[in-house]
Amino acid sequence: MGFFNKLKQGLSKTRDSFSEKFDNILKFTKKIDEETFDELEELLISADVGVCTTQELMERLRENSKKINNLEELKTVLKDEIINFFPKESISLTFPAVILVVGVNGVGKTTSIGKLANRYKAEGKKVILAAADTFRAAAVDQLEIWGNRVGVDIIKHKEGADPASVLFDALKAGKARKADIIICDTAGRLHTKKNLMAELKKLYRVCHKEYPEANVTSLMVLDATTGQNALSQARMFKEAVDFSGIILTKLDGTAKGGIAIAIASELKIPVWYIGIGEGINDLQEFSPQDFVDAIFI
Amino acid sequence: MAFESLTNKLGDIFKKLRGKGKLSEADVKQAMREVRLALLEADVNFKVVKDLVFRITERSVGQEVMDSLTPAQQVIKIVNEELTSLMGSKESRINFSSKDITTIILVGLQGSGKTTTAGKLGRLLSKGGKRPLLVAADIYRPAAITQLQVVGEKLGLPVFTMGQQDPVNISRASLEYARKHNCDVVIIDTAGRLHIDDELMNELSEINKTVNSNEIMLVVDSMTGQDAVNVAAEFNKRLPLTGLILTKLDGDSRGGAALSVKAVTGCPIKYVGMGEKLDDLEIFYPERMASRILGMGDVLTLIEKATADFDMKKAKELEQKLKTQAFDLNDFLDQLSQVKKMGSFDQVLNMIPGLSPQKLKGVEFDDKELDRVEAIINSMTFEERKSPSVINGSRRKRIANGSGTAIQDVNRLLKQYDQTKKMIKQFTGVEKSRKKGRQKFPFFGF
Ligand SMILES: Nc1nc2c(ncn2[C@@H]2O[C@H](COP(=O)(O)OP(=O)(O)O)[C@@H](O)[C@H]2O)c(=O)[nH]1
Ligand SMILES: [Mg+2]
Numbered sequence: 001m002g003f004f005n006k007l008k009q010g011l012s013k014t015r016d017s018f019s020e021k022f023d024n025i026l027k028f029t030k031k032i033d034e035e036t037f038d039e040l041e042e043l044l045i046s047a048d049v050g051v052c053t054t055q056e057l058m059e060r061l062r063e064n065s066k067k068i069n070n071l072e073e074l075k076t077v078l079k080d081e082i083i084n085f086f087p088k089e090s091i092s093l094t095f096p097a098v099i100l101v102v103g104v105n106g107v108g109k110t111t112s113i114g115k116l117a118n119r120y121k122a123e124g125k126k127v128i129l130a131a132a133d134t135f136r137a138a139a140v141d142q143l144e145i146w147g148n149r150v151g152v153d154i155i156k157h158k159e160g161a162d163p164a165s166v167l168f169d170a171l172k173a174g175k176a177r178k179a180d181i182i183i184c185d186t187a188g189r190l191h192t193k194k195n196l197m198a199e200l201k202k203l204y205r206v207c208h209k210e211y212p213e214a215n216v217t218s219l220m221v222l223d224a225t226t227g228q229n230a231l232s233q234a235r236m237f238k239e240a241v242d243f244s245g246i247i248l249t250k251l252d253g254t255a256k257g258g259i260a261i262a263i264a265s266e267l268k269i270p271v272w273y274i275g276i277g278e279g280i281n282d283l284q285e286f287s288p289q290d291f292v293d294a295i296f297i
Numbered sequence: 001m002a003f004e005s006l007t008n009k010l011g012d013i014f015k016k017l018r019g020k021g022k023l024s025e026a027d028v029k030q031a032m033r034e035v036r037l038a039l040l041e042a043d044v045n046f047k048v049v050k051d052l053v054f055r056i057t058e059r060s061v062g063q064e065v066m067d068s069l070t071p072a073q074q075v076i077k078i079v080n081e082e083l084t085s086l087m088g089s090k091e092s093r094i095n096f097s098s099k100d101i102t103t104i105i106l107v108g109l110q111g112s113g114k115t116t117t118a119g120k121l122g123r124l125l126s127k128g129g130k131r132p133l134l135v136a137a138d139i140y141r142p143a144a145i146t147q148l149q150v151v152g153e154k155l156g157l158p159v160f161t162m163g164q165q166d167p168v169n170i171s172r173a174s175l176e177y178a179r180k181h182n183c184d185v186v187i188i189d190t191a192g193r194l195h196i197d198d199e200l201m202n203e204l205s206e207i208n209k210t211v212n213s214n215e216i217m218l219v220v221d222s223m224t225g226q227d228a229v230n231v232a233a234e235f236n237k238r239l240p241l242t243g244l245i246l247t248k249l250d251g252d253s254r255g256g257a258a259l260s261v262k263a264v265t266g267c268p269i270k271y272v273g274m275g276e277k278l279d280d281l282e283i284f285y286p287e288r289m290a291s292r293i294l295g296m297g298d299v300l301t302l303i304e305k306a307t308a309d310f311d312m313k314k315a316k317e318l319e320q321k322l323k324t325q326a327f328d329l330n331d332f333l334d335q336l337s338q339v340k341k342m343g344s345f346d347q348v349l350n351m352i353p354g355l356s357p358q359k360l361k362g363v364e365f366d367d368k369e370l371d372r373v374e375a376i377i378n379s380m381t382f383e384e385r386k387s388p389s390v391i392n393g394s395r396r397k398r399i400a401n402g403s404g405t406a407i408q409d410v411n412r413l414l415k416q417y418d419q420t421k422k423m424i425k426q427f428t429g430v431e432k433s434r435k436k437g438r439q440k441f442p443f444f445g446f
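Residue numbers (my numbering), protein chains in the order written: chain A, 1 to 297; chain B, 1 to 446.
Calculated directly from the structure, the hints in this document are not laboratory data.
These figures come from a predicted structure and were not determined experimentally.
All C-beta atoms in this analysis are idealised placements derived from N, C-alpha and C, irrespective of residue type, glycine included.
Take the hints with a grain of salt, since some may be wrong.
[Stated by the list, open to error] Partner residues aside, some chain A positions facing chain B, computed with beta carbon under 10 Å:
#1 91
#2 92
#3 93
#4 97
#5 146
#6 190
[What the hints assert, rightly or not] One side only, chain A facing chain B, incomplete, derived with CB under 8 Å:
#7 46
#8 80
#9 108
#10 145
#11 223
#12 225
#13 229
#14 232
#15 253
#16 254
The task is simple: from the sequences and hints, build the whole structure.
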């Protein structure tokens with residue numbers, strides 16, 4: 001099932017869905033007036049788009065409102081404005097690649113790595129996983145189970161080991177075994193913890209230093225249920241490891257992930273992939289059009 | 001957009017309205033716009049916000065502005081009171097069973113922090129004299145069982161596992177096990193699940209029926225956005241929730257989800273997770289959360305903690321010194337011991353309103369270091385403490401030897417001292433721009 005359908009299915013599970021409300025507005029409002037704008041504003045806010053970005057969108061809608069004749073058009077304009085926030089360039093990977101996966105605790109880093117590994121392997125790439133979350137209890141075991149599921153090698157040390165040395169070994173193994181992609185799991189950390197962010201910077205440096213020929217990329221994993229704090233997360237992780245894209249997880253729930261719109265608008269960071277379940281295949285490439293459609297249908 | 005403190009914004013709005021007077025409808029309306037934005041920025045659900053703003057407006061219009069307060073403070077006081085009362089006015093504890101084993105089920109979305117919280121809660125209860133058993137009922141997520149086992153081992157708490165069998169059976173068997181092994185509390189760690197996952201939600205009600213729980217607590221990530229209400233409402237519909245646990249509050253999220261989940265479930269927030277260590281679970285205090293959501297810093301906590309621990313007279317002296325910039329290492333040492341009583345330095349700094357993380361950039365205070373710092377300062381002569389600039393290379397060496405530290409440690413401390421001095425300047429700057437601070441607090445001249 002495509003992302004679109006899966007999302008639609010997810011949405012239909014809530015009576016109170018965004019799209020339904022949107023439709024209601026369209027149905028019951030005869031002309032476009034202040035009330036329409038107010039309600040639209042509320043809908044964006046309830047999708048976690050955030051006050052700032054919502055106000056910006058509403059302003060643009062208002063600017064265009066003279067040209068808008070009916071509610072269908074209004075909907076299209078709003079969608080287009082949102083889509084325009086997302087940077088045009090999408091996933092860019094050249095091989096060999098090293099991907100450092102970062103994010104706060106519990107967002108779905110390890111699971112997403114399992115799914116990514118599966119995806120790249122299916123594309124015929126040789127993948128190696130680095131178990132550099134040496135902090136959380138049994139994090140290594142968790143990644144190892146994913147490695148076995150997918151059928152890819154994993155480099156690990158004991159719990160409590162230095163994450164940089166795990167990464168170092170993984171890079172060495174990746175070179176020796178001619179891997180196309182080395183994906184490095186990291187411990188979840190709150191972006192406000194200075195020492196832990198410094199540790200992440202170090203991992204990033206190790207990648208560049210030990211494997212300069214590789215295309216070193218970081219991805220931030222973001223839970224779609226996250227509210228406005230995600231902006232702060234994105235800023236701080238960007239500063240630490242200059243990540244190129246976001247993996248937006250848990251879109252199979254009822255959260256709309258609107259914060260990704262705010263991040264795209266304010267920080268110009270694209271979403272690369274979305275997570276839509278806990279299964280090995282529940283990862284899809286992000287398409288702004290599908291994303292917005294799924295919200296607004 | 002950096003979040004400007006609500007205090008400042010309201011201050012601007014009420015600039016015209018000086019001194020005494022009544023809050024007019026127009027004033028209040030303007031203020032409520034800001035209150036609304038602040039609450040939405042803090043992730044309070046928009047329906048809850050609507051409700052709140054309505055109530056606060058009703059209460060505020062026509063209110064006499066008290067002598068001791070600015071109009072802005074008056075409004076914030078009302079907002080704060082409303083938030084606090086909505087959040088539940090008193091902190092509440094676990095309902096222990098008086099005769100039998102107390103059973104606690106932890107439930108929630110994926111990644112909300114249930115397993116870690118199970119460990120922390122076990123630790124907290126065992127410190128309180130209970131004998132908890134941790135039960136691994138998350139049979140789905142890879143290595144979830146191992147995770148709980150590792151946590152239990154670290155804490156010296158027993159963990160009950162039955163592999164990947166039916167969680168209902170695991171839960172039932174765990175009671176037997178607890179009885180046999182003389183445990184009086186059972187904490188069941190369940191798999192994370194979506195509230196719309198019918199099958200898994202049914203599994204939870206089955207578990208609940210089987211163990212006849214005393215507590216079912218919903219574990220909520222404090223960074224959750226608007227969807228928190230949908231999640232909490234659905235869990236509450238399916239299960240007789242008795243409480244909420246808010247996790248990851250040690251970050252910089254405003255935690256508006258707390259208000260939202262409380263509002264839709266009516267359940268009290270019983271604990272908050274404040275860090276990665278297994279000790280970092282605390283009792284929840286509603287009034288602190290209210291001021292956090294409002295972005296006013298945890299002034300209340302600071303004051304509360306401070307009045308309990310702080311020697312006021314010393315503080316007054318210190319304030320004087322700070323004003324004249326005569327703050328030396330003797331005072332620094334003094335401060336450190338006061339701070340140690342109040343909690344971690346980071347925590348204390350975080351509680352101070354108007355102090356953005358950016359301002360603290362480069363100023364690092366590691367708690368573990370406090371002891372070392374004390375040792376270093378204790379190895380200095382009184383003269384050296386008084387004017388640290390006299391500490392040259394050979395003195396540094398002597399101090400390092402005397403305190404059993406490295407020269408780099410001594411250097412770092414002297415640097416920290418310099419930074420603190422700079423920071424104090426900033427603080428006193430903040431104070432000036434705030435005009436009539438009601439509760440002028442002497443700590444660091446704030
Ligand atoms: N429903 C759903 N759950 C997910 C998704 N991605 C991850 N999870 C779950 O979220 C929880 C935390 O994931 P994990 O990979 O351990 O997070 P980490 O701490 O960031 O490594 C696990 O229970 C995962 O199964 C997703 O896209 N949808
Ligand atoms: Mg992980």
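The hints, checked one at a time:
Evaluation of the residue 91 of chain A hint against chain B yields a violated restraint, the C-beta minimum of about 24 Å exceeding 10 Å. Interface restraint check for residue 92 of chain A: the shortest CB-CB distance to chain B comes to about 28 Å, outside 10 Å, so the restraint is violated. The beta carbon of residue 93 of chain A is not positioned within 10 Å of any beta carbon in chain B (closest approach about 26 Å), and the interface hint is therefore violated. Proximity of residue 97 of chain A to chain B is violated relative to the hint, the smallest CB-CB distance being about 25 Å (cut-off 10 Å).
Checking residue 146 of chain A against chain B by beta carbon gives a least distance of about 6 Å; that is within 10 Å, so the hint holds. Taking 10 Å as the C-beta contact cut-off toward chain B, the hint placing residue 190 of chain A at the interface holds, the least distance being around 4 Å. Nearest Cβ of chain B to the Cβ of residue 46 of chain A: about 5 Å, under the 8 Å cut. The hint holds. Below 8 Å, beta-carbon pairs count as interface contacts, and residue 80 of chain A has none with chain B, the closest being about 23 Å; its hint is therefore violated.
Because the beta carbon of residue 108 of chain A sits about 6 Å from the nearest beta carbon in chain B, less than 8 Å, this interface hint is met. At a threshold of 8 Å, the smallest CB-CB gap from residue 145 of chain A to chain B is about 4 Å, leaving the interface hint in force. With 8 Å as the threshold, the beta carbon of residue 223 of chain A comes within range of chain B, its nearest partner Cβ sitting at about 6 Å, so the hint holds. Of the supplied interface hints, the one on residue 225 of chain A holds, with its beta-carbon coming within about 5 Å of a beta-carbon of chain B, less than 8 Å.
Using the Cβ-Cβ criterion of 8 Å, the hint placing residue 229 of chain A at the interface with chain B is satisfied: the shortest such distance is roughly 4 Å. Contact between residue 232 of chain A and chain B, as hinted, is supported at the beta carbon level, the nearest pair being about 6 Å apart and thus within 8 Å. With a least beta-carbon distance of about 5 Å to chain B, the hint placing residue 253 of chain A at the interface is held under the 8 Å criterion. About 5 Å separates the beta-carbon of residue 254 of chain A from the nearest beta-carbon of chain B, less than 8 Å, and the hint is met.
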